[in-house]
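If you're matching them up, the sequences are chains G and V in order.
Start counting the first sequence at 10; every next residue gets the next number (this note's numbering).
Start counting the second sequence at 10; every next residue gets the next number (this note's numbering).
Source of the hints: derived by calculation from the structure; they are not laboratory data.
Careful: at least some of the hints might be erroneous.
Just a few of them, taken from the derived set where beta-carbon distance is under 7 Å, the chain G residues facing chain V [as the list claims (entries may be wrong)]: (1) T116; (2) W170; (3) H209.
Per the computed footprint, the stretches of chain V lying under chain G, defined by three or more beta-carbons under 8 Å from a beta-carbon of chain G, are [what the hints assert, rightly or not]: (4) 453-466; (5) 507-515.
Glycine included, each C-beta is placed from N, C-alpha and C at the ideal position.
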Amino acid sequence: MGSLGSGRPASENTGKSCRREAPAVPGIGRRYDMSGMDDDSVVATAEDGATELPPPEPATSFARPPRSNELRRLDPHYVPLQRAVGWIVTAVVSVCSLAAVGILWLTGDLPWIARLLLVPGWLLVTLGIGWLSYAWPAVHYRHVSYTLDDEGIEIRTGVWWRQVMSVPRSRVQHIDVSQGPLERSYGLGRLVLYTAGTDHSRVELAGLNHAVAFGLRNHLLPRGSDDAV
Amino acid sequence: MPSERRLHPLSFVFVIGGQIRQLVVPGLVVLIGAGSAGLDWQGWVMLFVVPYAIVALLGTLSFRYRFDAGELVITRGFVFRNERHVPYGRIQNIDAVQHVLHRLLRVVDVRVETGGGDEPEARMRVLPIAALEEMRERVLAGRAARAVQSGDSPAGAVAQTVAPQRRALLTLGPRELLLAGFIDSKGLIIVGAAFGLLWELGLFDSTVNVLLGEQVSSRGVIRQAVGALVGGRLPSIGRMAVMVLAFAAFVGAIRVLSMIWSLIRLWGFQLYRVADDLGTEFGLFTRVMATIPLRRIQTVTVRETPLHRVFRTAAIRVDSAGSDGAEGGAARRESLAPIVRRADLQRVLGEVLPDVDVLAAAWSPVDPRGFWRAFRSSLVLAVLLTLPFIAMLRWWTLAWLAVLVGWAWVHARLYVKHLAWAVGDQAVLFRSGYLWRELTVARFNKIQAVTLGESPFDRRARMASVRVDTAGAANASHRVDIPYLARHVADGLYRRLAGEAARTAFRW
């Protein structure tokens, strides 16, 4: 597991943003103490059993002991990042629909009852999307976790339709670590595993600390030349 | 320095011919459709073809290949020179196709494929037949030599490297090909294409007139029939008899066409084994010769339609990773055996999957509570399909619903009864379907990812499904996707498969 540490140097780049204040993330703090969860503790858990990580709780209903390591969670900054994305979507949708409402109001030949309903309808839609983009990221965060061991990685996702996927290390063809502009400002990155499979030829794990993503990549990259094509 | 080889002198004919065909076939359709107005359009096409012909000619003239110690080396180009090295060990398939013209000139169109990418690694259009044989031997010998050196060859391989024996596994005679055509009914495709063309060109009605000798509007028949059904006005007995007869004749004609097509396409079908490769060879006019290395096979699927069962036969397909994107590349190989007598099934499967005993697998059923879930979902579907017709059916709705409930019950019962899975020493097996039965085998070392899924319905019933992802699965192919497992069973299966996959090394 020491190879995870090799992701550390990369964290220099993103360290500034990673080490901002303990995330004041309403909605998830109730259940987890996030204060200690910077990249160091996440990286270190497996080996020296640091206790700063939130206790692995049965996030999904798969009631069985984790393989050889405990459940690891995404970076808590993923919640505000997704909320930010949500706000942008909400703003765009509400502005566009407001314009549509305005055009309908001015030019449409509508019965008065429809006119009366237009504005409350728009308000309802906007509030609904806004509420979803606030609440959903925390729910989603609670339902994503992964386990890592010598054999590979196991990823749990899904709130309603849940799935646990196991990708053995020997099946990983290549790995990307990517980062968009918003993710960069939050110090996050996404790990993309490519397998030779059909449905899961691309397995994405978004919302990781950028340094942790590099560590995972180093851990999962195929070793040796035993799997000649 | 090993001697260099060239393409067949007539190669450029085929290169240009291929291009012209691509242009001319749609061109002809347009010409027929547009009448004589499109004639000067042909001149334009010729303008495009001329420079292309020159490029193609230069390309084929510059094409060279040679067999080095460990690799096939291909050089091409006069101005922009390109040299490609393909190690023998990486070559997965050497496919060869012969159309009628190829056969007249005794040449073959050869594709050399390796593991990755959508395109063949090398396409040799065209080689003399002797050159293909030489290439096969060189590649086999080169691959075997490499395997012996690295010491990872199977025990028997050393003996086989000396003289690769070709051993027939399955040979299909005309009778079996006709049977395969009868069962497969590929004729529908031909009929569909012909219909489409006739309709497009407005010839449909006139054709029908010529055939029937009187003024019958083809569209009118269907409209009348639908009108009769919807309006509740029953057509006369005679008319109904004509309709039924016509339908029967249509179905029969499709079957006959399919049988003829199968006979032409698969003429002289043979599945054989050379060292560690499987090969197929078939075709009356277009002769196809394809190979699949045994270790390249990702999943094997045995399919049984009701007609297969009547004639005590089955069909075997394999998914092999590789150039699916190339035109027909996978399609040519995937049908390993279009039809196999049940008596031969064991033997052929034994050759394809030497270490998995497919027919003697210890099957486990899915959770019996799956019946209620399958029943409920069919029932919901049935009710949704009935809703739009309530106004029309009135009180008949109740009778219709009773029929649907009965159907849902029987369907769910049979469906869940025929779901089964098995885990052997080397592979996971899954079968499903009661009328169209399919059985898929995925070896552990071909598993790319294992997924345990829980839908909200699964959670309510404390169930889960286990799904295995393999390389090269076509969209329509049967997968190992086992539903309705009790959760502790699913957990165990998932753990086992994930562990087995992690312990084995994946090789293409």
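Now the hints, each set against the structure:
{"no.": "1", "hint": "T116", "result": "violated (35 Å)"}
{"no.": "2", "hint": "W170", "result": "holds (5 Å)"}
{"no.": "3", "hint": "H209", "result": "holds (4 Å)"}
{"no.": "4", "hint": "453-466", "result": "holds (count 10)"}
{"no.": "5", "hint": "507-515", "result": "holds (count 8)"}
The structure shown violates just one earlier hint, number 1.
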